[in-house]
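*Asks:* If you want the building blocks of each chain, they are given just below.
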Amino acid sequence: MNRKTTDLLVGLFVLAGLAAILFLALKVGNLASFSFADGYSVTARFDNIGGLKTRAPVKSAGVVVGRVQSISFDSKTFQATVEMEIDERYRFPKDTSASILTSGLLGEQYIGLSPGGDPDDLEPGERITMTQSAVVLENLIGQFLYGRASEGGSQ
Amino acid sequence: MTRLLDAIARLGAWVVGMLVGMGYGARFFLRLCLLSLRALRRPRLVVDQVHFIGNHSLSIILVSGLFVGFVLGLQGYYTLQAFGSEQALGVLVALSLVRELGPVVAALLFAGRAGTSLTAEIGLMKSGEQLLAMEMMAVDPVARVLAPRFLGAVIALPLLASMFSAVGVFGGYLVGVHLIGVDAGSFWSQMQAGVDVFSDVGNGLIKSVVFGFICAFVALFVGYEARPTPEGVARATTTTVVASSLAVLAADFLLTALMFST
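Chains as they are written, first to last, in the working numbering: chain A, 1 to 155; chain B, 1001 to 1262.
Read the hints as simulated data drawn from the structure, not as lab findings. Predicted, not measured: the structure shown is a model, and the values here were computed from it. Glycine residues also receive a C-beta, built at the ideal position from the N, C-alpha and C atoms. Be careful, since some hints might not be right.
[Said to hold, decoys possible] Residues from chain A shown here face chain B by an in silico Cβ test under 8 Å; the list is partial:
1. T6
2. D7
3. L9
4. G29
5. L140
[Unchecked claim] For each label pair, taking beta carbons as the anchor points, the in silico distance ranges come out as:
6. B:R1041 x A:N48: 55 to 65 Å
7. B:F1083 x A:T77: 36 to 46 Å
8. B:F1198 x A:V135: 23 to 33 Å
9. B:R1031 x A:T77: 52 to 62 Å
10. A:N48 x B:F1083: 26 to 36 Å
11. A:S103 x B:L1258: 54 to 64 Å
12. A:F73 x B:A1257: 19 to 29 Å
From just these sequences and the hints, can you work out the full model?
*Replies:* Okay, structure coming up:
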């Protein structure tokens, strides 16, 4: 086999390998879905974030509009501070409320934004004041049992 | 009393021998790495080795990847369907391939297909006194013969492992969507939601690079240290397969514990 054929075959081999990596990154992974060109960050404080993780989606009306950037604990208010990056294309009113929701019964948790009616938009770096914590299953069961017990007592 | 002392002395000799062996191996590894950087100045040799090691391993890697994907699709479906969540087949196939099976199985096949041929080649060169002849001509055989092979294997294995994973995902898609009838949309969208580019695909790629270093080093080291007899070369070839497979599996455990423990 002469020089040129070898070079050609090796070139094809390397190209095929790079194509496979690209396929894994774009089609199998989620590279295409989170690389927002530009975004602005807003924060929100939650009493309880449940199982929210960084890079969880931020959705509004079911559409992914951003990602959770970081989650930290505020030792003054004893709340969780969630910083999220919203796609530059989307603007939300100042009185937008954020709630932590679960996709499906046991699916991953995400932040749902429901826009309010304020004429002014959220500015980059601003804080969403109206928040609703994650539903913790144990608390829910606890409340249910408590309710049942008090019901039984009144009879 | 003297027997006790003898036993202690044997233990000491064994430990010293182990340490010397490890030090020798580590120095050989560093030397190979340094010389590989210098081998970049002669890309012809490296390209030849990528062709010999990479292109010739393509068929076994692609076919195995496809069939591993098929089997993952079938087995995953039977398990998931018991929980009514066959939509998650895409995530299962993609995550198991990208995180574990792609790098590991590709490395094991690579050790069997390319590692053995490297060991046998180097061992025969040694027993035919070709390496000695090179040294006589003031050509360093490690730089001229071993380093391009090392670099070629280190380049080829991550590419092969990525192709293995990609073909495997495609195989899982063929079986899951076309044979069994899982919805194509949820297959891909759940996969994209569940697989992270950096923590899954990236770490899988890092794994395969590490395995490339391991396989290449073991194959070349064992071949270079083989006894220059037909029997020695045969034994070295066997050692290559056993040692690199075990080393790959052990390293995989360590890497998985480091990468995915949280």
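*Asks:* Output the numbers, in ascending order, of every earlier hint that fails for this structure.
*Replies:* 5, 11
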